[in-house]
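Chemist: Position chain B relative to chain A; hints supplied.
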Amino acid sequence: MNFYIKSFLIFSRIGLFTIGGGYAMVPLIEADLVDKRKWISREDFLDLMALSQTVPGIFAVNIAIFIGYKLRGFWGAFWMALGTILPSFVIMLLIALFFRQLQHLDTVERIFKGIRPAVVALIAAPTFKMAKSARISRYNIWIPIVSALLIWLLGFSPIYVIILSGLGGYLYGRYEKRLHSKTKEE
Amino acid sequence: MILFLQLFYTFFKIGLFGFGGGYAMLSMIQGEVVTRYGWLTSSEFTDIIALSQMTPGPIGINSATYVGYTAIVNAGYSHAVGILGSAVATMSVVLPSFILMIVISRFFLKYQKHPAIEAVFRGLRPGVVGLLAAAALVLMNGENFGTDIRQAIISSVLFIGVFIASYRYKVNPILLIIICGILGYLLY
Chain A
1 MNFYIKSFLI FSRIGLFTIG GGYAMVPLIE ADLVDKRKWI SREDFLDLMA
51 LSQTVPGIFA VNIAIFIGYK LRGFWGAFWM ALGTILPSFV IMLLIALFFR
101 QLQHLDTVER IFKGIRPAVV ALIAAPTFKM AKSARISRYN IWIPIVSALL
151 IWLLGFSPIY VIILSGLGGY LYGRYEKRLH SKTKEE
Chain B
1 MILFLQLFYT FFKIGLFGFG GGYAMLSMIQ GEVVTRYGWL TSSEFTDIIA
51 LSQMTPGPIG INSATYVGYT AIVNAGYSHA VGILGSAVAT MSVVLPSFIL
101 MIVISRFFLK YQKHPAIEAV FRGLRPGVVG LLAAAALVLM NGENFGTDIR
151 QAIISSVLFI GVFIASYRYK VNPILLIIIC GILGYLLY
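Residue numbers (the numbering used here), protein chains in the order written: chain A, 1 to 186; chain B, 1 to 188.
Chain B side only, calculated, beta carbon under 10 Å to chain A, not exhaustive:
| no. | residue |
| --- | --- |
| 1 | K13 |
| 2 | F17 |
| 3 | R36 |
| 4 | A50 |
| 5 | P56 |
| 6 | I59 |
| 7 | A64 |
| 8 | A136 |
| 9 | V138 |
| 10 | E143 |
| 11 | F159 |
| 12 | V162 |
| 13 | Y167 |
| 14 | I182 |
| 15 | Y185 |
Once the Cα atoms are required to be at most 25 Å apart in a straight line, the calculated DMTMM-like pairs of lysine to aspartate or glutamate come out as:
| no. | chain 1 | residue 1 | chain 2 | residue 2 |
| --- | --- | --- | --- | --- |
| 16 | B | K13 | B | E118 |
| 17 | A | K6 | A | D47 |
| 18 | A | K6 | A | D35 |
| 19 | A | K182 | B | E118 |
| 20 | A | K36 | A | D47 |
| 21 | B | K113 | A | E176 |
| 22 | A | K70 | A | E43 |
| 23 | A | K70 | A | D35 |
| 24 | B | K113 | A | D47 |
| 25 | A | K129 | B | E118 |
| 26 | B | K113 | A | D44 |
| 27 | A | K70 | A | D47 |
| 28 | B | K13 | B | E44 |
| 29 | B | K113 | A | E43 |
| 30 | A | K177 | B | E118 |
| 31 | A | K132 | B | E118 |
| 32 | B | K113 | A | E30 |
| 33 | A | K70 | A | D44 |
Some but not every residue of chain A turned toward chain B, in silico, with C-beta under 10 Å:
| no. | residue |
| --- | --- |
| 34 | I19 |
| 35 | Q53 |
| 36 | A148 |
| 37 | L171 |
Don't read these hints as lab results, they were simulated from the structure.
The beta carbon of each residue, even a glycine, is placed where N, CA and C say it ideally should be.
With the rest of the complex left out, here is chain A:
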């Protein structure tokens, strides 16, 4: 079978059967491409994983793009990414077509009245998990607090918060470096 068709099918199968976002896909991709087909070495896979996490964008799509690009250049990336995207695109489109008619039904409205606070809790919980892995301490805890308040109370766009915090990190890094070289000189 043609390499591109095969890559498309592998990634669409993985995309179709993983519920719960990008990180759930990683072990499946590893089992298929690294262990079973040996298309890519484990070292390269881990490097590409790290890279996919560093660059912005959708994690699962980034993995597909970077693996595809490494194996076959642009078209490899294109078909693997399309495979990852297509199943969720089709399913979500069907939901958009039908849910909009159903959502005003009394039964559906009652069910979702119960679900909505659950969803908010499911977003609040990883905040604390992420705070741990981001190594939030009493020195930098003001950053998430100020960012959250800017967005919540003042209606700041989260995009500005991303730009500002990245820029702030960069400037602080330079300041630290200068401080470091000064103490060395003395």
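Modeler: Using the frame of chain A, we list chain B on its own:
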């Protein structure tokens, strides 16, 4: 036509600045799609997150697809044009990843450990935590928790229960959504 350009611009921006995974991206999608353009109401947005949790695929793709369709159809166009809208939004959110790959993949592996890049991420990571906290805070509103006392109390109890079950006991999110759906049906 303007609407298509807005969809393209919005989702391209979300893809380009979407650091920190699906939930952090949610905060951005909410900021642009609900707060800025009003393409979806707050409760509609929450419903999509619930549906995304229960269906396969990344949440970024799911919301781009849904929002693209809904924004176009709400503006009075047909289903076919709506499908085109969801294709445009979905394509726009992944386009930055393609561009970045072509531009940087060759250099980036080498410079990933560069002090300047690490410094940027030392600022970004706490910022992303703030984004996530904001997403939860913004959604704690009357549309999602109810405006009458009875619904507000039930909602708060469900919120606390799900938070503890998820954070402390790592209960599967899909199971929690199903349970709360059943409870909602029985209680309201």
